[in-house]
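Engineer: My request is simple: use the sequences and hints to build the entire structure.
Number of protein chains: 2
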Amino acid sequence: MKKFEEKTYHTETIYTGKIVQLNIDSVTLPDGNTSKRELIKHPGAVAVIALNDEGKLICVEQYRKPMEKSLVEIPAGKLEPGEEASTCALRELEEETGYTTDSLEWVTSFYTSPGFADEIVHIYFTDQIKVLDQRPDGDEDEFVELMELTLEEAEELERNQRIQDAKTAYALLYWKLRISE
Amino acid sequence: MKKFEEKTYHTETIYTGKIVQLNIDSVTLPDGNTSKRELIKHPGAVAVIALNDEGKLICVEQYRKPMEKSLVEIPAGKLEPGEEASTCALRELEEETGYTTDSLEWVTSFYTSPGFADEIVHIYFTDQIKVLDQRPDGDEDEFVELMELTLEEAEELERNQRIQDAKTAYALLYWKLRISE
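Chains D and C supply the protein sequences, listed in that same order. According to the UniProt record's numbering, the first sequence is numbered sequentially starting from 1. According to the UniProt record's numbering, the second sequence is numbered sequentially starting from 1.
A few of these clues could be false.
The list treats identical chains as interchangeable, and a pair is accepted whether it falls inside one copy or across any two copies.
In silico lysine-lysine, DSS-like type, Cα no more than 27 Å apart, as pairs [claimed, not checked]:
#1 Lys41 / Lys65
#2 Lys130 / Lys176
#3 Lys56 / Lys78
#4 Lys36 / Lys7
Simulated from the structure, these hints should not be mistaken for laboratory data.
Structural biologist: Structure, rendered in structure tokens:
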């Protein structure tokens, strides 16, 4: 669907980094006027809603520089170039939590900030995980701590703003709905 | 919580635009090594889960440049400097849909992309809306079309990837849970 399409007549790349690229697109609007759009290009990401044998949610706590605080989130990570989303989901689950699974069910994929970024997050579910004999190395500049939470504990962390990101907020509702059905 | 804090020893501002600012922070990691973080500063946003008298969800379709396609989303918009989130939510509801309300209930606030951006979205709910006599002007470079959807219609749009953003995906689960309770 291209309703209200904005046609690009010029793209200026401001910055190309390890994770994001910033472009400024000059566009023609549906009414013929022109405007500029600030656009972040991102490789995309995955996240895993993983429940253990006790029905607890696997989460990781990590420092999030943009907010200057640590957040408790479901395991997640960026896609490597050419990597399949499900491969990435399994890799991130293993690296961040030391668990693995042979049952990953795709739940949904959504754009996180459609106004200015093309980042998409692919969300998977599993309730069949087992501990790896040896946990693989993750990114060398990533420090995470494993947590396993009941729904009540997770909702308490959400009230306390320690769970406070879109994919984990989505995961808690998904989990609640799954329990209620 | 500052667990695994990354201390900034240098910030370079690459770009300051109308919507985003891009900074590169040089940081010291918990293990004493250093790294760089690409950080998008964003003013924050609001979104409204609004149900009409028939229990249909108010949505707007608009072109989203980062994805080069139009998406169907719940009404939303950026915070103006100094603007209260609830004031912004009412303003965006009125501008984008022509509806107003005197009952806005805060639902949650979440960071959309905590790995690289500080954008927070404050989500509100209302099931008490009425049509404005006159719809206020919105942003002059914004073109949106109103839609009012049953849950079944919304879920069909989600399957067809016309609803495909984090806040609207969250809204559909929130709505389903509310109906089921």
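Engineer: So, for every hint listed, does it hold in this structure?
Structural biologist: Hints and how they fare:
no. : hint            : result
1   : Lys41 / Lys65   : both (19 Å within a copy, 11 Å between copies)
2   : Lys130 / Lys176 : within (23 Å within a copy, 31 Å between copies)
3   : Lys56 / Lys78   : within (24 Å within a copy, 36 Å between copies)
4   : Lys36 / Lys7    : within (11 Å within a copy, 34 Å between copies)
In this structure, none of the earlier numbered hints is contradicted; all agree with it.
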